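> Sequence:
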Amino acid sequence: MGGKIPEEVIEQIRRSIDIVDVVGDHVQLKKQGRNYFGLCPFHGENTPSFSVSPDKQIYHCFGCGAGGNAFSFLMDIDGLSFTEAVTKLAGKVGIQVEQTNNSETKEQQPSNRMIEAHELLKKFYHHLLVNTKEGQEAYDYLLQRGFTEEFIKRFEIGYTINSWDFAVKFLTKRGFNLEEMEKCGLLIKKDDGNEYFDRFRNRIMFPIHDLQGRTIAFSGRILGEGQPKYLNSPETPIFLKSKTIYNFHAAKKAIRKQEQVLLFEGYADVIAAVGAECENSVATMGTSLTVEQAKIIRRNVESVIICYDGDGAGIEATVKAASILQEAGCHVQVAPLPDGYDPDQYIQEFGALKFRQSVIENSLTYTSFKLRYLKRGKDLQNEAERMHYIDSALKEVNTLTKAVEKEHYLRQLSDEFSISLSALKEQELQINKVQKQKKDNAQGNRNNIARKLYTQTQLLPSYQKAERFLLAYMLRDATVSLRVQNAVQGKFNVDLHQALANHLYAFYEEGHEADLSVFVQYISDKELTRLVSELAMIPLQEELTEQVFNDYLFEILSKKSAHDEIQMKKQEQIEAERSKDYRKAAMIAKEILEMTKTLKKRSL
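Note that full-length UniProt numbering numbers the sequence shown so that position 388 is 388, with each residue one more than the last.
Any given hint might turn out to be false.
Capping the alpha-carbon separation at 27 Å, the derived lysine-lysine pairs in DSSO-like fashion look like this [stated by the list, open to error]:
#1 241 x 153
#2 406 x 436
#3 253 x 153
#4 123 x 243
Bear in mind the hints are in silico, worked out from the structure with no lab data behind them.
The structure presented is a predicted model; accordingly, all values stated were derived computationally and were not measured.
When you get a sec, could you build the whole thing from the sequences and use the hints?
Structure (C-alpha cells):
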C-alpha cells in the first residue's frame with residue numbers, strides 16, 4: 001500500500017495502542033518500578049538494559065542508546081516504513097486505514113508482493129487439501145499419521161496437485177510478476193530462460209511463517225514415492241533460515257506464559273508436540289541452530305529445553321545448540337530420547353502423556369547431559385579412558401559459576417568413581433588456574449578489551465548537565481520550554497542540544513501539548529530521537545523550582561559568555577600577529593590559557 005495516512009487516524013492509532021504490548025511481542029519484559037525492562041533487541045546483551053515506559057509511551061536502551069515510540073520500534077525491528085508500521089498497529093487495534101495508490105505502489109515493494117503470493121497460495125493449498133477430491137488422498141494420509149482435522153486447520157496444512165504449471169497460472173491470473181515469484185522460491189525458471197514451472201508438485205504443504213506470522217516459505221512432503229521426500233523453499237529475500245524459527249509466532253504467548261520454550265529440529269516434531277499439549281514448541285527448520293535464532297529466543301525467554309533426535313547426529317546437534325544458547329544467556333536443559341527415536345515417532349508410539357512426563361518433565365540439566373555425552377564411546381573399566389573422562393568431566397564442572405552446582409557434580413563424580421571429594425576439588429582448582437591463565441594470555445593488550453557501545457553514566461561538564469536537565473523538563477512541560485526560549489535563545493553550548501531545543505520550540509508553537517510519544521514521531525532525526533528517549537528516562541523532581549531553574553541558566557549562559565570571550569581574545573591574538581606585535585600576541589595567548597583553565601575548573 002502507499003499514500004499518506006491522515007494525521008487524525010495516526011493519532012487515533014497511537015492513542016489506542018500500548019507500547020508495552022507492542023514491544024512485548026518481541027521482547028520478554030519484566031516490570032521494575034514504573035517501567036518494564038528486557039534484553040535490547042537491537043544489540044547483543046545478557047543483562048537487561050532496555051527500558052519501556054508505559055507512562056511516556058516510549059522505549060530507551062541504556063546499552064546502545066536506541067529509543068523511540070511504538071511506530072519507530074516496529075520500523076526498526078521489522079524493517080518497515082512508517083506507513084507499514086502504522087498500518088500494522090492499526091490492524092492490531094482494529095482501526096481501518098484507507099489504502100491509496102501513489103508512487104509507493106505494490107510493484108515497487110517486491111517483498112510485500114512475495115509475502116502476498118505466499119499467503120494466497122497457502123489458503124488455496126489448504127482449500128485443495130480439505131475441500132476437493134484432488135486433496136482427498138493427502139488428507140487421508142494425514143489422518144492416518146495422527147493429524148486431526150483441528151490440527152490440519154490450525155497449522156494451515158495444504159496440498160498442491162501434481163501439475164507443472166498450477167502455481168504459474170494461479171499467480172499469473174492475479175497479476176504477479178513471475179520473475180519475482182521465481183526469486184521468492186515459488187517457481188523455477190526453465191533452462192531456456194523463457195518459461196517457468198512450479199517448484200512444488202504433488203506435495204503436502206506446510207507453510208512457514210516469520211516472527212510476525214506472515215507466510216514466507218513452504219516445506220513440502222511428497223505424497224507417495226519420489227525424491228526428495230521433503231522439499232523446502234530456498235533462501236529468498238523474505239526467507240532467511242538463520243533468522244526463522246518454525247511456529248514461533250504461534251507459540252510466543254505460551255512461551256511467555258510458561259517462561260520456557262521447547263526447541264525441536266523440525267516442523268513435524270513441533271506439530272506432534274503441540275498435539276501432546278506442549279504449546280510452547282518451536283523448531284529450527286531442520287538446520288543447526290544459529291546465533292541469530294538463539295538471540296531471538298533469549299529476547300523472549302531465558303529457559304530452553306532442547307528435544308532433538310535420540311541418535312548420534314541428534315546428540316551432536318544438541319551439544320552444539322546448547323553451547324550457542326548458553327552463549328546467548330539462556331538456561332539450558334536437555335530432554336533426551338531413546339536412541340532411534342525422534343519426538344514425532346516417540347509421541348506416535350508412546351502417547352502424549354508419556355512424552356510429557358518421561359521426556360519433557362524428566363529433562364536433564366545441561367551439565368548432567370554433557371557428563372553423559374562425555375562418556376559416549378568410552379570404556380570406563382579401562383583406567384586410561386576412565387581418567388580421561390574424569391579430567392573432561394572436571395573441565396565441564398569448572399565452567400559452572402555457582403558453588404552449589406559445582407559441589408553437587410563433584411560429589412557425583414566422587415561417589416561414582418570412589419575418589420575423595422578433596423582430591424577432585426584440588427584438581428578442579430588446578431584446572432581453574434590453567435583456564436584463567438589461558439584467558440589472561442588470550443586477552444593480550446588489555447587496551448583492546450571491547451568497550452560498551454554506550455554509557456549514560458559518563459562524567460559530563462556541569463553546563464552540559466544543566467542543558468540536559470533543562471531539556472528534560474522542556475520535554476515534559478511547554479511552559480518551561482517557553483521560559484527557556486526567552487532566557488537562552490540560541491545559546492545552548494552543545495549543538496545537538498540546541499537542535500533539540502529548536503524542534504521543541506517549533507513543536508509547541510504549532511499547538512502540540514507535551515507528549516513524548518508524539519514528539520518522537522514529530523522529529524525525523526535518529527540522533528535526536530535517541531537523545532529524547534535518553535532524556536525522558538532521567539528521574540526529575542516533580543516541580544522545577546525557580547532557584548534550580550536559575551542555577552541551570554547560570555551554568556549555560558556563563559559557559560557561553562566565557563566561550564564567546566575566549567573567541568574574541570583569539571581574534572585579537574590573530575590581529576596582533578598580523579600587525580607583528582608579537583609581545584601583545586603572547587600576552588593575549590597567556591590570557592586565553594588562564595581563561596580556558598578557569599572555564600574547565602568551573603565546568604567540573
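> Compare the distance between the alpha carbons of residue 253 and residue 153 with 27 Å, and conclude whether the hinted pair is satisfied.
19 Å, holds
> Under the criterion that the straight-line Cα-Cα distance not exceed 27 Å, is the pair residue 241, residue 153 satisfied?
24 Å, holds
> Please verify whether residue 406 and residue 436 have alpha carbons no more than 27 Å apart.
17 Å, holds
> What's the verdict on residue 123 and residue 243, does the C-alpha distance respect the 27 Å limit or exceed it?
24 Å, holds
In terms of the numbered hints stated before, the structure departs from none.
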